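Q: No gaps in the numbering here: position 134 of the sequence shown is 134 in this note's numbering, and each next residue is one more.
Calculated directly from the structure, the hints in this document are not laboratory data. The structure presented is a predicted model; accordingly, all values stated were derived computationally and were not measured.
In silico EDC-like pairs for lysine to aspartate or glutamate, Cα to Cα no more than 20 Å straight-line:
(1) K2 with E26
(2) K83 with E71
(3) K232 with E268
(4) K2 with E63
(5) K83 with E150
(6) K193 with E126
(7) K232 with E126
(8) K14 with E41
(9) K14 with D202
(10) K14 with E71
(11) K95 with D142
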Amino acid sequence: MKIAIAGGNGFVGKALQSHLLEHQHEVFILTRNTKPYSPMEGVTYVNWLNGRDQPELQLEGVEAIINLAGESLNSGRWSTARKSRILNSRLSATKEINRIIAVLQHKPSVLLNASAVGYYGTSHTETFTEQQQMKPSDFLSDTVDQWEQEASNSGIRTVLMRFGVILGEHEGALPRMVLPYKLYGGGTIGSGKQMLSWIHIDDVVRAALYCISNPSIVGPVNFTAPNPVNMKVFGQMIGKVLHRPHWMPVPAFMLQLLLGEMSILILEGQTILPSSLLEHGFFFSYPTLENALQELLT
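Make a model of the complete structure from these sequences and hints.
A: If you want it as structure tokens, here you go:
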């Protein structure tokens with residue numbers, strides 16, 4: 001297949017790119033970088049979002065588009081200016097994806113657009129599935145809601161990939177969460193009761209391709225493992241797998257002072273279940289936290 005990826009040089013994008021090339025797919029990476037990349041067999045770099053770029057000229061015949069573009073939520077404290085960049089980077093990239101789709105003579109069959117479980121807001125008691133429609137309750141849920149609304153204007157089958165916390169060996173949140181344990185200083189963050197809806201990076205890649213190949217999958221899809229845990233259990237499991245103590249708590253107020261509003265990503269949580277993937281027959285390679293961490297950390 002010919003598959004285009006916007007945001008293809010990020011954590012998820014690189015994992016997808018590697019898998020697609022391994023399975024002989026042709027990959028088109030949409031990039032703002034105007035400097036030429038080193039040639040890579042099976043990869044075409046397409047400039048976009050630079051004034052007069054016309055990426056559609058190179059994307060005719062693409063069968064699927066995966067949109068991961070947007071400024072990282074972890075790029076720094078959520079100042080007013082940074083929040084504006086987080087939102088606008090997502091909306092502008094998605095608007096451009098929709099424009100490209102509209103002008104292509106042969107439309108791709110599907111758009112996979114990144115999203116986040118932040119759509120559901122935070123809760124210590126509720127369990128959320130794709131069937132629940134929520135009203136924005138904070139900056140993150142409002143950002144996700146606007147992002148999904150824009151993506152839904154694509155005019156083709158659209159899958160909204162609501163990512164939970166993605167676990168990878170070298171990138172994403174896990175290396176930073178593991179570091180205190182490697183230094184024998186790991187412990188519960190905040191109350192420890194906040195739920196962590198996580199997913200192994202390999203299952204993210206497999207689930208994305210599963211959504212591409214299954215035309216019955218449409219709309220929001222929770223990209224989370226079927227067994228979320230609370231933050232205390234998560235930390236204890238890291239300690240167990242690494243054979244390190246879990247003993248030094250990190251008070252919530254310290255993270256609030258350090259991160260400001262962004263601390264919501266760590267101190268608040270929600271229980272998210274991947275109902276859509278399970279109902280459509282998707283099989284998780286790493287359904288439990290212990291087997292995911294064993295694969296990533298040992």
